[in-house]
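Enquirer: Sequence:
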Amino acid sequence: MKSKLIKAGVVTLTACALLMHPETVFFKDQVVEAANQSQAKQVVKLNSSSSISLQSAQLLTQEQGRVLAYSFVITNNGNKEISLSDYWVRLATNSNKIFSTKISEQDKNVKGIAPKTSRVITYYSLVDDKAKLSDFKFDIIQWDFSVANYERRLGTIVYSKEPALTNNKVANIRYGNVSLAATVPQFSLTQDNALAYLQFNYNIENKGNSIVDLSNIQLFIQTDNNEVYPIDMTQIATQALQAKQKKLYSFNVAVPRSIVGKPLNLVIAHKEATSGLYMPAASNRLGAVKDSTLNQASKTKVVYFSGEKVNTFLDAASLERSGNENKIVFEYALRNVGKTAVEYPNLSFTLQTPNGVTYPLSVVKKEAERDKLLPQLREVVNISGSIPSGIDVSKAKLVVRAGAAEKTEGYVLGAYMFKTSQQSGAIGSNFKYGDYSIKLNNILRTATVADDFLIADFEVSNTAAYSKSVPELEGYFLINGVKLNTEVKKANLDSKVTIAPKGKYNFVVYSQIPYTSNIDNISFVLTEKAASGDSVKTIYRFNGNTLSSMKTIEKDTKYTIENTGQKTETKMIKSQIYSGEKENYFYSEFELINKEIRSSVPASLSGYLKDNNGLVIPVSFTQVNQKVDPGGKVLVSAWTKVKKDFKASNYEFVIGQSINPPSENETSSNSIVVRPVKYKLTDEQNTTVKKDLKNIQIAGYELTLDRVNAVLDVSGLYTVNGLKLNFDYSLAKDSSYDYIAGNHKVMIEFVDQGTNKTTYFKQFALGTPKEGEKALDEAVMRSYSVLMEDPEIQEKLNSYEDYVINIYDVFEDAKILIASKELKWFQVN
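Numbering (this note's numbering), first residue to last: 645 to 1473.
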């Protein structure tokens, strides 16, 4: 009985399974050098038909001490069961210090090995704090009461040197009765001024045929100096692996900066309920992990979220100076290049100067931000903040953290060097921006009544083989190197929502400036509006020494507006200054042809006059407010009053497309002119009033008066009612016009040439009359009489010899004399 008690007490076989790598151990009959033997000699014979071999050994330092776990494979090829009470393993140092051996909780109820089977048994011992595997030997003992001390040593396993550890090898794990395999496909290390942060992906595969609960698994980072750092396992606390399932997890752990560059081991262990110890099962060698915090400007940095590869990129930053500080604005882009959507990371951003001073930066939230990073889609985070103007941003860096929460700042994802030197080129040049080619055609200065406008004219081309959305481009002007702080507005010239392949899109950006502004140097900084609308990204700078020159065209040259939806061909057919008593009148006519393939409203025109002294006079244009058929022609009038001091000997008439055309029944005198051209005009265009009444041209009509006869209108024998003017007339509308814009009227004026210059007139509408107006109908030599009532006419006339008939074009607030002829009373002229 006593011998059985002794035997039972001694036979407790112990070995801790701490897998730095699944090293294969080989035995000779007496002493087996585990680190050096071939697989064919790894076995220690228990008897003629059974053997034992060391499968793995692993060390893990923890709060209760340093645990050595070792696992043995016992193979029974015999015909009867092997009782484990007949054998045990004794752990000792090479200097014969013996350690207590305990069987692991998962194997404590195993009593024997059935015939024709193999079984892995794991044991563990608490060993010295500084112990290494090469310090130990494993004696395989058989109880034999026929020898001294009742022990027969069947063999000894020793590590003549520390096992070589290979980086990133598969770690085979015994977890209960299931085999797992783990690899580390990716790992990286970043750091800040306080800590280092190890990020890695961990791939676990269930190689068994049953489901595995992972809630009891714990990972540790362990250095070769036995420093141990546990990893937060929250994400797999409720996880399970189905049979044959493989799953990838992403982890991060904060560690001291002192470990940077040192070899690291990733140890996987499971916790025993009874002892409270973590039993190390395997490890992956990470090797000496180098720091990868800093990312150079304009370079892509690869990071991982939930196991998926994500490319990150810091776009160029723009600075806007305001007093003693700069506002910095830029974009941080992410593209999930994996196959699975991942949770959108909780990121925070700071700018750090070379001397370690940090400035918090704000993230501009999108109106409809996605919860996940979808595969292959580029996501952009818009960031802005304020920094002192003295900071050299090119020497600063953006520190990006992930995983920030209420009680933690998270970990450093990376530090990115800024790129602040913007792409730049000359006005008139193209630059490629993604699938777009962008050209600034020119920067012109145009005038209004009170101030001038700077107008940047852009053309965006789609270079892709598929349609693209219209980019949200804007920008601002720099005058003599200083940002213009007046409001900047944008006007889309094309009615497009997408740009077809090889198609183009046009827009202008304009800003008001005082007319007294001197411009020695002009530039335009192009920006792109963020999705949220609260921030912009600077993408290009167009530089020019001077403003672009406005194109000069001849009177008969066609001016074409190419904007989609309003393609219009324009031609000036008349331009004259008419002399008046107190002021002169400028009047011009344009033909507009609809060049669209559908009925549409032609583009609106606006313009102004400018003499050699810089005097600017806005010109009003009639507006076309109805659709015109394709190829249809419209007559548009332009007019303004001109003061007598206007230098008409040499002046410019500037016209262009109006980007804020007036509503119906309004004029365009205050419109902003874009894409302007100018006509060089002289007083040669000043009219000489037509000296006869034949073929008078009035806004698309031609009027002729013939057989004119002025008499007194008498009723009864002696009652004089006034002046009767009799004539034959022809009035014809130019049939080439689909539409004549504006309300022109013709005024017939009678001026007696006696001393009193007694004057009478009648006014007629051309075309459709308004309420209260009388129209002069189209006709061919129709007889017509006009009564100008005045019972006192005889008192005003002192002779009945000569009179003058004047024909006026009455338009808006202008009365323009276009024809005049002196005639004789009571004669048919």
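Hints may contain errors.
[Claimed, not checked] Listed below are the simulated DMTMM-like cross-link pairs for lysine to aspartate or glutamate, each with C-alpha atoms no more than 20 Å apart in a straight line:
1) 1226 with 1393
2) 1140 with 1164
3) 1076 with 959
4) 1148 with 1096
5) 1324 with 1235
6) 1285 with 1273
7) 1199 with 1336
8) 945 with 876
9) 1338 with 1296
10) 1063 with 987
11) 1083 with 1225
12) 1076 with 1225
13) 1218 with 1235
14) 1146 with 1116
15) 1401 with 1225
Read the hints as simulated data drawn from the structure, not as lab findings.
Enquirer: Hints first: check each against the structure and report whether it holds.
Expert: We went through each hint and held it up to the structure:
no., hint, in the structure
1, 1226 with 1393, "holds, 19 Å"
2, 1140 with 1164, "violated, 36 Å"
3, 1076 with 959, "holds, 15 Å"
4, 1148 with 1096, "violated, 28 Å"
5, 1324 with 1235, "holds, 19 Å"
6, 1285 with 1273, "violated, 33 Å"
7, 1199 with 1336, "violated, 26 Å"
8, 945 with 876, "violated, 25 Å"
9, 1338 with 1296, "violated, 32 Å"
10, 1063 with 987, "violated, 28 Å"
11, 1083 with 1225, "violated, 50 Å"
12, 1076 with 1225, "violated, 59 Å"
13, 1218 with 1235, "holds, 10 Å"
14, 1146 with 1116, "holds, 19 Å"
15, 1401 with 1225, "holds, 15 Å"
Checked against the numbered hints given earlier, this structure breaks hints 2, 4, 6, 7, 8, 9, 10, 11, 12; the rest are met.
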